[in-house]
Amino acid sequence: MSTISAATRLAVRPSEGWARNLSILVLIGAAVALIGIFAAPDRAWPNVLLSTYYLISLGLAGGLFVALQYVSNAGWSVSFRRIPEAMTEVLPVTGLLLVVLFLGIHTLYEWSHEAVVANDPILHSKSGWLNEPFFIARSVFYLAVWMVMITAIVKRSQRQDASGDLELTRTNRKISAGFLVVFALTFTLASMDWIMSLEPHWFSTIFGIYNFAGLFLNGLATMTLVIILLKRMGPFRNVINDSHLHDLGKLIFAFSTFWMYIWFSQYVLIWYANIPEEVTYYARREEGGWGVLTIVNILFNWVIPFIALLPIWTKRHEGVLLRVCIFLMIGHWIDLFWMIMPPFMAKDPIVGLWELGPILAALAAFFLIVFKSLAKGNLLPVGDPMLGESLNLHT
Amino acid sequence: MSRRLLVSSFAHENDLLAATQAAREHGYTILDAYTPFAVHGLDKAMGMRSTRLAWATLILGISGAVAKLWFQIWTSATSWPVNVGGKPLKSVPAFVPVTFEVMVLFAGVGTVLLFLAMRKLWPGKKPAFIYDGATNDRFILVLIQDNASFVVEEVRSLFERFHLVDLEERIERV
Amino acid sequence: MGEVFSVLRQPLVLGNKTYADITDDVCGPLEKGASLSWWIAFIVSVGVLILGALSVAYQVMTGVGVWGLNNTVGWAFDITNFVFWIGIGHAGTLISAILFLFRQRWRTSVNRSAEAMTIFAVICAGIFPILHTGRPWFAYWLLPYPNFRGPLWVNFRSPLVWDMFAISCYLTISALFWYVGMIPDLATIRDRTKSALRKKLFGFFSFGWDGSNRTWQRYEKLYLLLAGLATPLVVSVHTIVSWDFATSVIPGWHTTILPPYFVAGAVFSGFAMVLTLMLIVRKVMNLEEYITLHHIEQMCKVIIATGGMVGLAYMTELFVAYYSGNEYERFAFINRALGPYGWTYWVMVGCNIMVPQLFWWKKIRRNPGIVFALSILINVGMWFERFVIIMTSLTRDYLPASWAGFTPTIIDLTTLLGSFGLFFTLFLLFARFLPMIAIGEVKGVVRYGKGRSELKPLEPRKEGALEQTLVG
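Residue numbers (this note's numbering), protein chains in the order written: chain F, 1 to 395; chain H, 1001 to 1174; chain E, 2001 to 2472.
Quick caveat, the hints were computed from the structure, so don't treat them as lab data.
In silico DSS-like pairs for lysine-lysine, Cα to Cα no more than 25 Å straight-line:
#1 K1120/H to K2200/E
#2 K2301/E to K2363/E
#3 K250/F to K1044/H
#4 K155/F to K372/F
#5 K2032/E to K2283/E
#6 K2194/E to K2017/E
#7 K2194/E to K2032/E
#8 K2301/E to K174/F
#9 K231/F to K250/F
#10 K2221/E to K1044/H
#11 K2199/E to K1126/H
#12 K2362/E to K2301/E
#13 K2363/E to K174/F
#14 K2194/E to K1125/H
#15 K2283/E to K2362/E
#16 K2032/E to K2017/E
#17 K2221/E to K1125/H
#18 K1126/H to K2221/E
#19 K2363/E to K2283/E
#20 K2283/E to K2301/E
#21 K2199/E to K1125/H
#22 K2301/E to K250/F
#23 K2194/E to K1126/H
#24 K376/F to K155/F
#25 K1126/H to K2200/E
#26 K231/F to K376/F
#27 K2221/E to K250/F
#28 K2221/E to K1120/H
#29 K372/F to K231/F
#30 K1125/H to K2200/E
#31 K2017/E to K2283/E
#32 K1120/H to K2199/E
#33 K2362/E to K174/F
#34 K1044/H to K1120/H
I would like the entire structure built from these sequences, with the hints used as guidance.
Here's what the structure looks like:
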């Protein structure tokens, strides 16, 4: 049986120094990005977009994970639900970043130049969708809807700590189901708006699913990373056992393969049909340094995690799992870089100060926000009726 | 050659689990347990090693995939190259689907056959000896009486703590 | 030891069943004579099957010209039926493999019949491409075997060859999975039957299974491995089916979302068929305590989820057709909704998008009569989905001069009907002679959600207590 009989407040208290170091990293990265915007706008803006999108993905993945657990009535994951909940707290910050991004719209999006659109029949024919005011309105709308729904779920989950009210679980199931529907629709459009329209002549119907695959894979990896860190720091030592790690490992394994499946589905269809309006996308990404990056992308997001997590014992092994998570977090950055950058770097991918600054700031901000949030309240959802199942998980 | 077996039956899987544990702690030799469904944790209680079936599956899958990939390249590019729709002769992306299917086919069929061979199961085989209810609602533990100090009554009193239903001695000819 | 169940869990098997009760409930009906309703259903199914067989015989003797095909529309009912049946099969694998990996234990009452359904559906599906070749007696030419024509090999760059491999592999692995899962239950029947013939037959087919735990341990591993293989396999099969269309350059067919969209649609339609069958079976075979309203509800929820994915795919296709700025893409979708086959599009939208929304209401999910009716509507909708995809793109492609229409002939219709006859005949034979419920697996979950542990919601907010336990 569980070692926890009368559970209670279990807080993470990152040392002051740690929080300060992270804050310094955020500041350094943000300063680099800011300088870059003026010194090398063509390289800095896309990277600000990448980092913002990366952060949004993490926040959304947290909300998505929580919602999926509610909808599927999952018991195994309850003990660490506070982690994905904390991840969602980055969403307000991304709102701020989004506002900043609107300033770079002309650097980023070809379709935002009226003169270009006027001379381009294809862009002209879609200007009803791709135009500045509508784009900004949509972006704000997506984020607002996500935040409202996710906050509703997280607030109820926290309120249950005190009351243990079963009704809160039932309500959260309903909100979660609604959120999944809303998420599917809005995220498909959002990924097309923010990322696909960087190359506005190209289109692919699977694009939203491809972005979802990357988002959820990276979300799982990051969540697992935080869980393992908390296990090493102490608070989760007796809460998370290797059955939990095994399940997380399986999910990562499955979604890594799902990502590869979606990647291949998009690639093989465009390769096979070989029609000019589509194939230019891959033609650009198969040449020179970009071709190398295509392979590296697949290595990081699928080959390495797949081989590493194939046996049972590695999924239950903290150290292996932690390393795979780090690979995947880098892999997601590579994946986004591969999607976003080619129109801005015609020949080869370049990684320098302007590329590293923004992502450094984003990651540091993520960990700062997550650990601050975890330090605030209960680390275990003590009022949840399924907590017992999770604490006693043996598979 | 023959050996003496002691067949004890229980009505509940938890009783069997506990009895198996106890039998092992007392140093009795367990031949096997017979149950109507897979009892979680029984293999640990019996002290069994975990199976290496998964390795076989992996090797079978890889060999199927490699063989099929090679075969596709050989037929399309070497044996009789035909230009179809301008696709390259060695169209690796187009060879992925069939390679995958054959990988699964090799791994799946091979593993099942290997399992049947390892456990000596085949169509028409007569089960060695049937314990009443072992495929219905009885959980059976079989001990081997392999040394002089084996006293049936001791086992009976040990197992009665776990709600023993029936105890029976058998002689098996090997 | 022992599992902990939350107060929110519902038992999976109703009534206080003992292990022996479960054996009796599942095996009992097999040992009695068939009921009147079984005979009626069987005779009707065989009748329809004979009608289909005659149509096929006529078609084989005469040629595919007896179908309504023409120069422009070379794929119609045959390929629609093929994709439809393959899709039906996918729910069985989802239940047996994917839900197994996700530890969804409610699957145990329905997995056996769902797997059987998979095999029968794949058999029905396989018939159509073979007939479509026009000379089915040469069907073996699809295999890459050394021959005296060169040897001339099959074209491995063709999606149709991928299809042949996918379907045969899928049929093999599904049959293995089903059979391996059934071996312990066949032994159960062998050990309890009074009839000498049945003892012989089931003795032969149960492979000498004796319930040994040393075998069980490997068996569990084998089952897990097969589930692990079947999961990507089922995805690959409908992915490859979708590539039959998507690798082309035809607007409406060539779209990258097709693989996951087809997979979701397959599972969606398959679950509708599982519901149709299970709702009949639980009633006729008195299995209401095993296939409970809880099971029906779970399956309805899967239908909402997969139906949602299908809906998302429809909307994405529409949106991207606009977004592409490509005249032909846009036309393909306007034609779909408003062209000569527009009504089939709206049948599809009504049945696949609107109907599943009713399952959001618990009252509807728990009403077997309504669920039954809705599940049939979804089956209809998913048949039309394949028809819409094939027909609207083929009848009107790039070249208006070659536009044409398609009207099914009576042979088209009787062949489709005949495939249902085959499906139900096989399923009824299965229900009559083999255990419909995985006896061993149900015994393993009989206490699930019952005998709740003493765990109450934990006591909130008491500083310190836990930290001590954790340090210790």
